[in-house]
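The task is simple: from the sequences and hints, build the whole structure.
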Amino acid sequence: MLQQLQRWFCQIALGMVLVSLCWLGAIAPAHGFNNPELLPAEPTNVVDLAEILTPVQKKHLDSELAEFEAQTGWKLRVLTQYDRTPGLAVRDFWDLDDRSILLVADTRGGNLLNFNVGDTAYRVLQRTFWVELQTRFGNQYFVRDNGEDQAILQSLHAIETCLAQGGCRAVPGLPQEQWILTLATSIFGGIILGFVARPRRADEKVAWKWILLFSPLWGMLFFAFGLGPVVVRTQEWLPVLRNVAGFALGAIVAFLIPAPSGPPLVPEE
431 MLQQLQRWFC QIALGMVLVS LCWLGAIAPA HGFNNPELLP AEPTNVVDLA EILTPVQKKH
491 LDSELAEFEA QTGWKLRVLT QYDRTPGLAV RDFWDLDDRS ILLVADTRGG NLLNFNVGDT
551 AYRVLQRTFW VELQTRFGNQ YFVRDNGEDQ AILQSLHAIE TCLAQGGCRA VPGLPQEQWI
611 LTLATSIFGG IILGFVARPR RADEKVAWKW ILLFSPLWGM LFFAFGLGPV VVRTQEWLPV
671 LRNVAGFALG AIVAFLIPAP SGPPLVPEE
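Numbering (this note's numbering) for the sequence shown: 431 to 699.
There may be inaccurate statements among the hints.
In silico DMTMM-like cross-links for lysine to aspartate or glutamate, where the CA-CA straight-line distance does not exceed 25 Å [claimed, not checked]:
no.	residue 1	residue 2
1	K488	D579
2	K488	E467
3	K639	E607
4	K489	D522
Now the in silico label distances, taken between C-beta atoms and shown as ranges [claimed, not checked]:
no.	residue 1	residue 2	range
5	Q608	A632	39 to 49 Å
6	V554	A632	56 to 66 Å
7	V662	I687	25 to 35 Å
To be clear, the hints were calculated from the coordinates, so they are not data collected in a lab.
Where is the CB? At the ideal position from N, CA and C, for every residue including glycine.
In C-alpha cells:
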C-alpha cells in the first residue's frame with residue numbers, strides 16, 4: 431500500500447512538473463530582434479528590409495523625402511520589415527525627433543502600416559487622421575488590389591499633402607466605397623424627409639411641423655453623414671451634387687408615393 435502511494439505521488443509530481451514547464455514555455459516572451467547591423471552604412475531615408483519597393487521606387491522616394499524635409503522641415507522616414515527588424519536602432523540612425531514621422535510597413539500583421547509620430551507632428555495631424563490613414567491604405571483589401579508598394583506611397587503622399595497645408599481634418603481623397611455610403615445616407619435622409627412632409631390635414635400641402643420635428647434625424651443623415659465626409663476629403667463638386675440629387679430624389683419619391691389606405695383627411699377646425 432505504501433509503495434502504491436509512493437508511485438501515485440511520483441506520477442502526480444511528474445505531471446505537475448511537466449505542466450509547469452509547458453505553462454512557462456507558453457508564456458515565455460518572444461524576444462524580438464533589435465539589430466542595428468541591419469541598417470545600411472550610407473545615409474538613406476528608406477530602409478527596405480522586406481524588399482517591397484523596386485530599386486527605382488526606393489531611389490525616387492528617398493530623394494522625394496529629402497526634398498520634402500528641406501522645404502518644410504518635416505522628417506519622413508520609411509522602414510519595411512518582415513522577420514527581422516533593427517528595432518530602436520532606427521531612432522539614432524535617423525535622429526528622430528518631435529518633427530519626425532516614421533512609417534513602418536510590416537507584412538506579418540493584419541494591417542500593413544504603422545506610424546511612429548513625433549509630438550509636434552501629432553499636434554498637427556491628430557489621432558483620427560492616423561487611424562483613418564492606416565485603415566484606408568493598410569488594410570488587406572487595399573493591399574491585395576493595389577499592392578504593398580502603393581499602400582506605402584499613397585499614404586506618404588497623403589501625409590505630405592496635409593503637412594504642407596498645415597493639417598487635415600481627414601485623409602484627403604474619397605474612396606468609391608466611402609462615397610457610396612455617403613450617397614446611401616443622403617438618399618435615406620431624403621426618404622425620411624419626404625415621408626414626414628406628407629400633409630396630415632386636408633388644408634395643408636406640406637407638414638412643416640413634422641419636418642422640423644424630425645429635422646435632427648434627416649439633417650444628421652444628409653449633412654453629417656452625407657455631405658460632411660465628402661466636403662472634408664475632396665474639393666470636387668461632382669460627389670456633392672450627386673449626394674444633393676440623391677437626397678432630393680429620395681424626398682420627392684417618398685413624398686409623392688401613394689399613402690396606404692386610412693381615414694380621410696379632415697380640415698382643421
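Outcome of the hint check:
no., hint, verdict
1, K488 - D579, "holds, 10 Å"
2, K488 - E467, "holds, 20 Å"
3, K639 - E607, "violated, 35 Å"
4, K489 - D522, "holds, 22 Å"
5, Q608 - A632: 39 to 49 Å, "holds, 44 Å"
6, V554 - A632: 56 to 66 Å, "holds, 59 Å"
7, V662 - I687: 25 to 35 Å, "holds, 34 Å"
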